[in-house]
Every structure is written in structure tokens, then in C-alpha cells.
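Asker: Residue numbers (the working numbering), protein chains in the order written: chain B, 1 to 328; chain Z, 329 to 656; chain S, 657 to 978; chain F, 979 to 1300.
If you're looking for bench data, these hints aren't it; they were derived computationally from the structure. The beta carbon of each residue, even a glycine, is placed where N, CA and C say it ideally should be. Each hint should be verified, as a subset may be incorrect.
As the list claims (entries may be wrong) - Heads up, incomplete: computed chain S residues facing chain F, CB under 10 Å, no partners named:
| # | residue |
| --- | --- |
| 1 | Q781 |
| 2 | W789 |
| 3 | P794 |
| 4 | V926 |
Unchecked claim - To spell it out: a stretch of chain Z is covered by chain S in this simulated footprint if at least three of its residues, at any positions, have a beta carbon under 8 Å from a beta carbon of chain S; those stretches are:
| # | region |
| --- | --- |
| 5 | 515–524 |
| 6 | 642–650 |
Listed below, chain by chain, are the residues.
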Amino acid sequence: MAEVTQVMPLAMETRQHVLKQMMEIRAAEERIQGLFLENLIRGTTHLCIGQEACSAGVAAILEPGDTVTCTYRGHGHAIAMGMSLKAMIAEMMGKASGACKGKGGSMHMTDASLGLLGANAIVGAQLPIAVGAALTAQVKKTRSIAVTFFGEGASNIGAFHEALNLAAVWKLPVLFICENNRYGEYSPMHTTTPVANIADRAASYGMPGIIVDGQDVETVYHEVRAAADRARNGEGPVLIELKTYRFRGHSRTDQAPYRPEGELEEWLKRDPIVILKARMIADGQIDETEYEELRGAIERNIHDVVEWAKAEPFPALETLYQDIYYEG
Amino acid sequence: MAEVTQVMPLAMETRQHVLKQMMEIRAAEERIQGLFLENLIRGTTHLCIGQEACSAGVAAILEPGDTVTCTYRGHGHAIAMGMSLKAMIAEMMGKASGACKGKGGSMHMTDASLGLLGANAIVGAQLPIAVGAALTAQVKKTRSIAVTFFGEGASNIGAFHEALNLAAVWKLPVLFICENNRYGEYSPMHTTTPVANIADRAASYGMPGIIVDGQDVETVYHEVRAAADRARNGEGPVLIELKTYRFRGHSRTDQAPYRPEGELEEWLKRDPIVILKARMIADGQIDETEYEELRGAIERNIHDVVEWAKAEPFPALETLYQDIYYEG
Amino acid sequence: MTYREAATKALVDAMRADENVVLFGEDVGIAGGVFKVTPGLYEEFGGSRVRDTPISEQAFIGAALGAAITGLRPIAELMFADFIPVAMDQIVNQIAKYRYMSGGQFVVPLTIRAAQGAGAGFGTQHSQCAESWLMNIPGLRIVVPGTVADMYGLLRSAIEENNPVIVLEHKVLYNFAEDVPDQLTHVPIGKAIVRRAGKDVTVVATQLVMQRSLEAAEILAQEGIDVEVIDLRTMAPLDEGTILTSLAKTHRLIVVEEAPHAGGWGGDIVSMAADKGIYWLDAPVKRVNMGGALVAYSPPLEDEVVPNVKRISQAIRDLMSE
Amino acid sequence: MTYREAATKALVDAMRADENVVLFGEDVGIAGGVFKVTPGLYEEFGGSRVRDTPISEQAFIGAALGAAITGLRPIAELMFADFIPVAMDQIVNQIAKYRYMSGGQFVVPLTIRAAQGAGAGFGTQHSQCAESWLMNIPGLRIVVPGTVADMYGLLRSAIEENNPVIVLEHKVLYNFAEDVPDQLTHVPIGKAIVRRAGKDVTVVATQLVMQRSLEAAEILAQEGIDVEVIDLRTMAPLDEGTILTSLAKTHRLIVVEEAPHAGGWGGDIVSMAADKGIYWLDAPVKRVNMGGALVAYSPPLEDEVVPNVKRISQAIRDLMSE
Ligand SMILES: Cc1ncc(C[n+]2csc(CCOP(=O)(O)OP(=O)(O)O)c2C)c(N)n1
Ligand SMILES: Cc1ncc(C[n+]2csc(CCOP(=O)(O)OP(=O)(O)O)c2C)c(N)n1
Ligand SMILES: [Mg+2]
Ligand SMILES: [Mg+2]
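So that you can see chain B by itself, here it is in the shape it has in the complex (with noise of 0.2 Å):
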């Protein structure tokens, strides 16, 4: 088990809060990709395990209002901002009770209530929709921010360039969050892009970029707050890259051959709910028993949900027609 490392510890309430979210993030993704080998869920899935630091982290800071825009690894963004698992996983099974009514699937978690704006399935795409959101905040002078999640690999594809430029010459109130797991698809980062860190890339938009700890879900929360306290202040955007790894392969089946030796097990000694679990045990905020009973609790409920969401009907074949456009 890792070792004990320090930062300056978040409450013990708000501890617990994300430590439950990412073990709910955990024991769904887990859960989802079984639905996926059983055919309950069709095309494909995205997990976003070990990663689960950087969602719960992010929307631990957020207030109503704040609009997040995000990728087809959008699991865990959703469950952090409060998605029903219901609305998740009947989405993922197309049911007519899913978020989206079915229409959407895996790849495109959506709760306008929650401030989540789409989670897209076209790389890079969701930036600009992000730096929409925050002109919104900008023009009616609220202090809402627009957060977007996107991977390293996404920093290579024009929108990424043309998003940040545009949010930097209009001081907008955007949260560029790079999740930068070190692969794209079956790339590694260093084979498709010249820089050690995407946050370097900042520096072409006059705009400050920072490093963080992906798997620290404490040190993502502290940083990401404080850009965001910036962002609120009307001092513009920032560019956060949260170091992270997937500990699955990109997406269906994918068993990550192209991983060096040893790589996944020096992460999966990183793994985020593991360090915070650890500091929660050495300050006495949580024990054994109470995490094992917790994760029961937690996979109880998925089960539960699923079983539902099996018993949920599809819609029905003409919503195919519904929803394209606004009525009136």
C-alpha cells in the first residue's frame, strides 16, 4: 500500500465526500465494462479507472452555476458532479429513462440541471463549446467558470489551439483541465507530441500553466480552486494538466500491448483512492472495517441499478424523430 504523503488535507466531510465518489466512479466503471462484455451495453466504453482523482477533485470546487464540457471518458465527470447512476446506466443501455432518453449512450453523459454541458465524442470539440459557456458568465457578469476535460492527445488538434487563444484574448472564465494519461488511443504521448508537458503549451496564450498531481485528489482540489478563484476574479483562463494514468485500455476490449513493461504497476502503486484512503486511516478519519462496509454499500447499489435498469423499456421508435428540433 503507498505510503503515507502529505498535503494540506481538505476536510474530513469533504474527504469522505470524494473518497465516495471515486470509489462510486471505481465500482461503476468496473460494473460498466461488464455490461459492455455481457451486450447490455452496445459500440463501446471508455473507463476512466484510475483517473478517478481528477473528476472527483475538480467537481468538489465547482458551485451552481459552472458548466463543465467533457469527452467520451466522461464516467466519472458525471458521477462527480452528481449524475444519477440511474440516468447513467439506463443511458448506457439505452433506455428511455437514460439521461439523454437513449439518444445519447456511453459517450455522451449530458445533465444541462447539473451545469453538464455534453460529454463529446469528437476530440478537441468540446473547448470551444466550453469557452461559449464561460462568454455567457463573462457578458451577464456572474462569477461562473466553464471547466472542460480533455487528454493530452487533444492538445494536438486545432480546436485545443484555437479555443485557448480565443479564451485568452477575452479573459474569459475558462478551466482548460488536460487529463494527460499518456496515451491516445494506442499512442504514447511522446510519439505524437513534442513537448514534455501540455502546460508548456500555455505559454502561447499568454496564459498561466500549471502541473498538477492527477492522482492526489487533495492537490488537484487545492490547485484547481485556486485557478478557479482566479477565473472568478475576471484573471482569465488557465491551463491545468493533471498527471495522471488509465489503468484500462483505451476503450471495448482494449488490453494495452503497447504499454512498456512495468508501467501499469509502477501506477497502479498511485492509485488515487488508495493515497487518499491511506491519509484518511493515518489521521484516524476511517478504518478497514468502515471502507469495506462502504464499498458493500457502494457495489450493493450499483447492482441495484442495473437491475433496474434492465427492467427499463427502450424508447419508444418514434422519439427517433423527437428532439431534433425545438418546438416553438
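Once you've looked at the hints, dock chains Z, S and F with the ligands against the given chain B.
Answerer: Same frame as chain B, but now just chains Z, S and F with the ligands:
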């Protein structure tokens, strides 16, 4: 007249060559604007008056097999690469004997036989095309390089970002030459671009970025040649920022009301032709009489070319349907 | 009033009527726009609502979507319609699909303006018409004003529409002037109009070639051919009723497009007629368009490629003698 | 042999036949491609000719153009056809127009491969067909292989073609297996083919819905309806002759498209028939397609949106009773 600054002097023949080219470009652009106002050129023109050292200095270091892509502001590059004035003027007048049979016009000066792979009217689109020309050089192991010209405004578009990144990842022999003339259409650089120098953006691609005095053709020559040698030797692309200024408006009849008081006057003191001429006079390589004779000869030649072009026939209507596909 | 002035007035009136309307694009602010459609807006509405953008079409078109789903009513100007492909992913995969993919969670009230068409000498990459590139994308509305009053009325309706609307303005019409009522009104999206009633043949057209079809109709009237000219006004959704009603009367149909033939929007008009109006058709259905050509710069070539009065009249004569 | 294996074999044979052929795209090299069409190519032809790219579609599609006009014969893989809009400017304004704008100075021998179509559960942004977005762009050739032998033969022809060719592979057909001759041959671009001869009605279709139309034809044969099925194979240029010859015989036409109705390629087929074949038409011309819908993720919705055997057969029955 400008005081004589000195850099490593070019050979007298080279100086004479680039001086004559800059004078030809200047005179041609003046005449082209006239033809536009006389309605003998339709649509638009984008003059490079003031930026002649960029075209002449870069073209002078090119070798057979090298290629260039540039922009609608491409008359200077075409002349510097040796395009016949007849083919160029006839093209702008839409005549059958034009470089592109009248199909391209002012924004699309192209001469494949010279390696001039096309002036582009879509901002940024020429950069990826140059990357492809460099790919051919690398795959076929020629020592050729691909040069692409663009403005500082173009450095905000996605194609710029993707092209530099791809060239860097593949270590391709491309020179990305930014003619920073301070304005994109009517917008001063600082209103659209949150960095002081476009060359600073090279860091995002792990590529050298250098800043060069674009008004000094000898400096342009030396710096670009060094970067070219590096690229020919397989050491990869370079981003070169030529600090320059357009003495005229963006296009057509733009009077550039957006210029700050006195800015143009300051830059007129750094006229690239005057700067080189001063050095050559100081070194006894030309005197005022010879200079005036040369200018007279150039202007007479352009006058003759224009008269010839006026008399040239327009293309036959059936050519509208030709050159869309290669037959065979 | 000119078509350009009508566009400006529509923007001003819309921004006065609703403070959530914002406008941005390259040089639309301080400079008043490359086509001079937005002079004075920056001064009246300020730099928060009227913004110049960098040359970043993907970013600001995507930003229009993000702004639209969070409470603004953005108008993004793309300058030349030929630049639509530069921002195509945001239009095709995002703007058009955002409501659908979310199961109806979003309303997307945004307007994209662009100037299209040949005739101004801008060459192959600055003279295209974009509607035919976009019609296979459910989720978009597309309007193509062809008169001064429509420029005003369709733009006002577009800005107030609670769905994404692409407004394609014809650059050759910007200086086109017409007398208009003091009270310009909204023009409904999705309704075509009969610009000239006639009994012999139905011509369906838009914008510049619609104006030319009206000229051709006057010439043919002298020859005893009574042409009905329908201005589509909206490309998506198509108004089938107006066309079928006309066809039931004339039994002959010609579509005049400013577009290459293959994949041109005329195909939809004809296929609709060949399905719902087949028994009325007395003659082959013709399409007058750019054929297989692109717009070339050379003046005589550019003047020839877009259907002109001569080509349109001849096509109608030929059809009448079928 | 499967459709996927045929694609792989075409690539291998082409690269062996001409050292100027290079291949690049995201993960096409070491990983062998997201759709596993390129395994072994990197090993056989090396990293100079087979390259993985960053996620930079504009850059590598533009690079394909630059390489094509300087002596290579590039094949760029765009993975999902839904990503075509991301590189749309390079395709529409550059690749398609480069030869024309230069007055014929360039030859542009490049191939862009992309996987299209619904049925795999990838949702709204990963299930579209792209041909109808590209048909209004003179300068491009577009092929849509619908059988294993065509996948091989059209891809070989595309790579050898001295013009830009967009090869749209249907992702649901990748595992589709057929017996093929030991000697696979090139299939000419621009020629449609009658897949099933019949005398009562002509069905024009492509790819997955073409295969389904063949199934529908077998069912209808029992009911005494003799269906002729034409596989277009190439969308640009269209082979009008094969369709007209069939129409002259059957007097009835149905177009089956995997595309939304508005702006779908079927419009071109019908407008061609309503012009050159109008006097043969005994009944309304029908189009079976996605109507106004987009592809939704939910399995029953996705299975319904693309014309299936049931919808196709019913449309033919209805037409025969006209
Ligand atoms: C424009 C576009 N190009 C390619 C793809 C295919 N694709 C999906 S995910 C992916 C890798 C993205 O890598 P990264 O940005 O690092 O995010 P990660 O998957 O690692 O979270 C690619 C290439 C896509 N969806 N969109
Ligand atoms: C994609 C695209 N967007 C916008 C335009 C319109 N436009 C033409 S030139 C220009 C300014 C370019 O500025 P810069 O890159 O600095 O080049 P310069 O004109 O100063 O040489 C713009 C915005 C275009 N042609 N293409
Ligand atoms: Mg990654
Ligand atoms: Mg500039």
C-alpha cells in the same frame, strides 16, 4: 534616408539580384493597384509593399526542388521565385496566358515549374500543404525543403497548430515563415494574439523559433539560410518570424484608418529597399544614377508587360469545364 | 434601402429588442465588418456584446454553441460562406446535434451569418454557395434571402428562432436596392413565396438567380410564355406546398441553382416533385446550374458559370417546346 | 474473405506495386488501425511509408495534398467518416480545387479512407454516411464499396486514380464475408452494376442498404415482384446509363439511401430520372432513407433508423400497387 546599419554583407551579385527583385516587386505592386482601380483587375488585391525583403531574402536561399506555399498576399513571393511578370499580370487580368490560365487570379499565383505550389486564399491552409511537400522530400530522401509563408494573424488558426506539430513530430524539412506585419485585416495583432512574438509559439512544438528583422534583406537571407541548412540536414522544422510592416492597407481600397498616428511614418524609415540601397551606395556598389536607371528600366518593363497583357485574349468559355479532373 | 442596409437594420433592431443577443466575428466590431454590414454596432452596443475575434472559426463558432445553451442568443459572422468548411465539425457534429444527443435537454438559439455566391471576382475559394453542403444535416435551419425585405425579415426571424439558423447572404446583392415599407416585418422561416404568378411553367430559384429568373420571365412574357417564379427563401425546412400548388397549375418545372449540378439542392426539389407531383408533370424536369464547373476568377468565366438571364430564358424556351 | 481483409489486401498490393504509395492516419501503423484494416503494413513497409499521426486531421489531410502534388501517392485514413468535417476545408477548398485553381498545373493522386455508417452502436457522432456532404464538390471522386470484391477493386482503382478519391468503407460490412475469385481485380470508378436483374421495379442503393435491398428482392420474388437492384458503387461521377437502361425496362424507381432525406444523394438520382427518363416513369419515384432523423444510440432506435429489409420491401410493395 536610413542610416547605414551593417550586417554580414552579401556578395555584390546577390545584393544586386535582391535589390532588383525588391524594386520589381514594389513597382509591380504599385501598378497592380492601379490596374485594380482601373477595373482591369477584378475582385481584390493584397499588396506586399513594405514586405519585399521577406520575399526576396527567402527566395534567394532556395535551391531547385525546394517548394513554397504562400498566401493571397503572394505577388512578391511569385516574383522573387522567378515567375514571369507576363504570366502574373495576365493572370490577375484573367487572361488565357496567365499563370493559371486566368482561373486563379490575384490570390492564387502558382507556378509548379518553379516549386511555387500555390498561393492560398484560406488563412492557414497552406501550412499543412507545405508539410506534405516536406514529407515527399523526407520519404524520397532529397535534400529539398518546403517553405510556407503566413501572417501573424494566421498563427491563431487551428491549421497552424496542427501543421507545426506534425512537422515537428515527423522532423520534416519545413520552414514556417511568419511575416508579422502587425495587422490581420483591420485588427492589430495585440487584439487577437496574446503573445508578443509569434516565434514564442515554437516552444509548443519543441521547435526553434527565431525572430528576424524582416526589413533587412541581408539578415533575412542569413537567418533563413541557416535554418534551411539545418532542415536539409534532417534536423527538422523551424519557425521564423520576420518582423515587418505593410505600407498599404489590407486589400482593395483599405486606407488603414486603424493605424496609430505616426506608426506608418516610423516604418517608412525602415523601407527594405532604402536600407539595402544605402549599404550598396556606401560600399560603392551602386550610385543614384544607376539606381534611377534600374528603376526606370523596371518600370518600362512593367508598362510593356501591362500593355501586352491588356491585348491578350480571355480564356474560351469551355475552359470553365476543363482542369477539374486530370483525364487519364 | 439596400440589402446590406436591411441586414444592418435587422441586427440593430434585434440587439435593441433583446439584450441577450451578442454578435462576434472577424472585424465585425471596430471596423464594421468586411462587407460593411455591422458599422456602428460596436459603438451602440459596446465591446461586451459586439466582439472582434481572432482568425479562429472553429473556436468562435463553437463558442456560439456554448453561449447559446447557457442563455445568450449569439450571432456569429463567418464572413465568406467558403469558410464554413473550416468550422464544419462544430456545425455538423455539434450545433446541429447538440439538442438531439442530449435527448432534448438544450435549446440552441444561434445564428451564423455568411456571405456567399459568385460575381464579385474573388475566385474559386471565395465565391461558393454553401446551402447544398448543409442540407443533409438535420438540426439546422437554412435561409437564403433574395430581396431587401427578406434580408431584414429572415434575419430577424433567424435571430429569434430557438434553433440554429444559417443565414446565407448573397454578396452580389448587398448593393441591391428596393423600395420597402416603412415597417419592415419578420419573414417566417420555412415558407416559400411566388414572386411572379404564371400559368405555363414553374421556376424554383433563390437569391441572385431568382432575380435573374424574374428578368427572364419578363422577356419570355413578350414571347407569350407565362412563367411562375417561386423564391424558396428557406432551404431547410423546404416548403413543398407552394411548389406543388404551382406544379398542379403549370405542369412544368425548372430549378435554377447557383451551385454545381451534382449534389445541388435542386435534386431535393425534383425528387419531391417526382414523388408527390409525378402525375402533373407533362415534361422532363430541368435543372439550370453550374454543371460540373467551379467558379473561376477570369471575368468572362465567372460571368458565365452562374446561370444568367440568357441561359435561364433559353432553358425555359426549350422546355416549353418539349 | 471478409470486406476488412479485402481492404487490407488492396492496401498491401498497392504498396507493393508502387513505392510512392504511403499510408498515414491515427494508429494505422504499429497498432494496425482502429478498425484493424492495416495490421502488418508498418512491419512490411516500414515507418517511412506507414505512419501514425497525431490527432490532427487538418494537418495530415492537407499533408496528403502536399505530398500528392510533389510525387507521392498518399493514402490518408480518417478513421470515422464523421471526422471528415474536421478536415473539411482541406477537402473542399484545397484538395478538390487545387488542380482547377492552378489552371491544370497539378495532378492530385490521393486517397482518403474513412469508415462510415450506422449499426455499430457508436452514437450520433460516429455513425454517419458522408457521401451526401461531398457530392456538391466538383474535383472529388467518391466510391462506396458494398461487396468484398468491390472493397478490393475500388480501393485499388482509387489508389491508382490520378485524382482525389474519397473511399467510404461501411463499418458494419467489415466482417461481411464472401467467396471471391483467387484473382481479385480492379473495379472501375464511375460504373454502377446490376446486382440482381428484374423487370418490375428498379432499386438503386449502396453498401449496407444495397445488401438489404437484395434480401428484400428475394422475399418479394416469392410474392411475384421481380426487383432489379443496382449498386451504384461510385457516387461521383454517377453512372447514369446503367440506371436509365434499367428504368426503360421497369418503369418504376426506388432509391434506398443510408442518409437523412433532405440533401441526400437520392435527389440526384431522381432528378436525373425525372429529366432523362421522365417518359418511362409509370409511377411516383420513391426514396427510402432516414427521413428527418439522426442516428440515435439506443439499439432499437439505431436498428430502425437505417432502412431495413422490412421497410424496403414494404416501400416496393406500395409502389407496385400504385
Ligand atoms: C477529431 C477526432 N479524431 C479522432 C478521434 C478518435 N479518437 C477517439 S479518442 C482518441 C484519443 C484521444 O486521446 P486523448 O485526447 O489523450 O484522450 P484520452 O482518450 O486519453 O482520454 C482518438 C484519436 C475522434 N474521436 N475525434
Ligand atoms: C479561414 C479564413 N478566415 C478568414 C479569412 C479572411 N481573411 C483574409 S486575410 C485575413 C487576415 C490575415 O492576417 P495575417 O495572417 O496577419 O496575414 P496578412 O494579411 O497580414 O498578410 C483574413 C481574416 C480567410 N481568408 N480565411
Ligand atoms: Mg490520453
Ligand atoms: Mg498580418
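Asker: It remains to establish, for every hint, whether it holds in the given structure.
Answerer: Hint check results:
1. Q781: holds (5 Å)
2. W789: holds (6 Å)
3. P794: With a minimum Cβ separation of about 5 Å from chain F (threshold 10 Å), the hint on S:P794 holds.
4. V926: Since the shortest Cβ distance to chain F is 4 Å, the answer is holds.
5. 515–524: holds (count 4)
6. 642–650: holds (count 6)
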